[in-house]
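Residue strings, one per chain:
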Amino acid sequence: MSDNNTEKKVPTRPLPKLTEMDTAPFWQGTAQQEFRYQQCANCGTIVWHPRAHCTGCVDGDLQWKVSAGRGTIYSYSVVRLSYHPFFRTKVPYAVAYVDLDEGPRFLTNVTGIEDPLTEVSVGQRVELAWEAHEELSIPLVKPV
Amino acid sequence: MATQSRDAAIVGIHEYPSRDVEGRVNALQIKAASAAKALADAGLSWSDVDAIYDAGEGGPMSGLMISEYFGIQPTVMDTTGVGGSSYEFHAAHALRAIREGKAKVALLTYGSTAHSNAMAIGAGGRGGGISPGDNMETFAGQTLIANYAMVAHRHMHQYGTTSEQLAEISTATRYHAMRNPEAVQAMTDLEFVGIQETSIEDVVNSRMIADPLHLLECCMVSDGGGAVVIASADVAANCRKAPVWILGTGEATKYPENGGDITTSAGAQSAPIAFAEAGVSAAEMDIAMIYDSFSITVLTLLEDLGFCAKGEGGAWVQGGRLRFDRPNDGPALNTDGGGLSSNHPGMRGIFLLLEATRQLRGESTSQVEDARLAIAHGNGGMLGARHSAGTVILGRD
Chain P
1 MSDNNTEKKV PTRPLPKLTE MDTAPFWQGT AQQEFRYQQC ANCGTIVWHP RAHCTGCVDG
61 DLQWKVSAGR GTIYSYSVVR LSYHPFFRTK VPYAVAYVDL DEGPRFLTNV TGIEDPLTEV
121 SVGQRVELAW EAHEELSIPL VKPV
Chain L
1 MATQSRDAAI VGIHEYPSRD VEGRVNALQI KAASAAKALA DAGLSWSDVD AIYDAGEGGP
61 MSGLMISEYF GIQPTVMDTT GVGGSSYEFH AAHALRAIRE GKAKVALLTY GSTAHSNAMA
121 IGAGGRGGGI SPGDNMETFA GQTLIANYAM VAHRHMHQYG TTSEQLAEIS TATRYHAMRN
181 PEAVQAMTDL EFVGIQETSI EDVVNSRMIA DPLHLLECCM VSDGGGAVVI ASADVAANCR
241 KAPVWILGTG EATKYPENGG DITTSAGAQS APIAFAEAGV SAAEMDIAMI YDSFSITVLT
301 LLEDLGFCAK GEGGAWVQGG RLRFDRPNDG PALNTDGGGL SSNHPGMRGI FLLLEATRQL
361 RGESTSQVED ARLAIAHGNG GMLGARHSAG TVILGRD
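For the protein sequence lines, the chains are P and L, in the order given.
If you're matching positions, the first sequence starts at 1 in this note's numbering and goes up one per residue.
If you're matching positions, the second sequence starts at 1 in this note's numbering and goes up one per residue.
Derived from the structure by calculation, the hints contain no laboratory data.
These numbers come from a predicted model, not from an experiment.
There may be inaccurate statements among the hints.
With a Cα cut of at most 20 Å, we get these calculated SDA-like pairs of lysine to any residue [claimed, not checked]:
#1 P:K90 x P:H133
#2 P:K90 x P:C40
#3 P:K90 x L:I121
#4 P:K65 x L:N258
#5 P:K65 x P:I113
#6 P:K17 x L:G133
#7 P:K142 x P:T111
#8 P:K142 x P:T118
#9 P:K65 x P:C40
#10 P:K65 x L:G259
#11 P:K142 x P:I113
#12 P:K17 x L:D134
#13 L:K102 x L:Q73
#14 L:K241 x L:D7
#15 P:K90 x P:S137
#16 L:K102 x L:E257
#17 P:K90 x L:G124
#18 P:K65 x L:P132
#19 L:K37 x L:R6
#20 P:K142 x P:E34
#21 P:K90 x L:M208
#22 P:K65 x P:L140
#23 P:K90 x L:A120
#24 P:K9 x P:T118
#25 P:K142 x P:A129
#26 P:K90 x L:S131
#27 P:K65 x L:G133
#28 L:K102 x L:P74
#29 P:K65 x P:R36
#30 L:K241 x L:D41
#31 L:K310 x L:P272
#32 L:K310 x L:D261
#33 L:K241 x L:K102
#34 P:K17 x P:R36
#35 P:K17 x L:D41
#36 P:K17 x L:S131
#37 P:K65 x L:K102
Taking the hints into account, I'd like the entire structure generated from these sequences.
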């Protein structure tokens, strides 16, 4: 690689795109460390991931709500091998599906631990741990 | 069985022999070479093809591009692309088109140079799209393997399944691979370490890739491809080989849902539809060609397809039950060596149809004596997230 930029920038976590229309309101909320999710005022369905229409009824009325930020690990894995330029420097790291107490199940990383091989488990209680970036924050979780 | 219809049959097959083409051929050439061989296997030619099925791996507008490339004028075009199970969907759609009288000879093809292109399918970054779902997930660095691993962890948590039980899938598949010269060559070309039958200990002692999945529970990334020719009953009657009838098909999809159970796949929806159409049950299957992207895929699907109850798969597979030389214990699993040990260039679904057909013709290298019924079940996408399920039940005269 004949890269004349010797101060090669450090690879970063892939960040969401604020221009994606369905999910933009969620990511805008993360700048204030708000975990927003949608619930239909008509049929009660909790919609996750965010989108512009209700999946429970055809005359939906989606309202944004804010999670209290606590949940339970539904399942997880510890990634030992990644070829991604950022994540290959982070192995081993834990990825998890977290069920927020309000209902949404989201994919995230478990942080705030020394050893993901021994400190993460199915059914574990966790809370949001925000990782700040320029225009948004990433919703990670840490053990309660 | 009395109501079973025999309207369309697999009459021609070909599996591209090389798993490492070393950049000498491309995916389209693999598709065309395989198509010609499969048509020849049936005793047919390009001009007989009136229906084309393509999963789009050759590029956009694949229905147009592939017809020109092959030099055919199909009047039925189907470019269903739902990942690795696309070919089970294609077989289902071909059966319907033929049954309706819209087509007589359907051609399905697949080609990939995933190995030569050094595609990091299992442990690479997630795809470049910005679908709403992807925009919520890519930040977490979940590899494809880790997605399947999350199903395995949940399965273990809910049902007490163990790594030793999951390893049974790997050992049975390798047992069959060692009897298939093409699979042995594939493992040689892809520089596998220890090309031999494996023990449960070998599997659970192999390197952890994404907890709880070990290296020997993960499929290979190869080059390869193949083709299938499906024909109407009147055409099949004059083909070179005995017909392998498509007796029933089912299709379904599943995706992440709040509160959903990821230990149950879309197969639980597609399989009953296929079995009902075929008028047979899982217990009657001699052969189970089940998409083995990972050990957990097969374990989950064996339950979803009805071979055993949900959660009981771990105990059910123990003791080498899935080997071809244990026909009284249930179906023989992936007798070609599977994606784990023979062929996985990214979308394995077509190979499920190929080996099921070989078994029902009596042409397998791990032949089950007098095999009469087979199931081919493809899982496309990611088992623990958005995925598609295609079930095909096959039988011979």
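- [ ] Give me the numbers of the hints this structure contradicts, sorted from smallest to largest.
- [x] Numbers 2, 5, 16, 19, 24, 26, 33, 35 and 37 - these are the hints that the structure violates, sorted from lowest upward.
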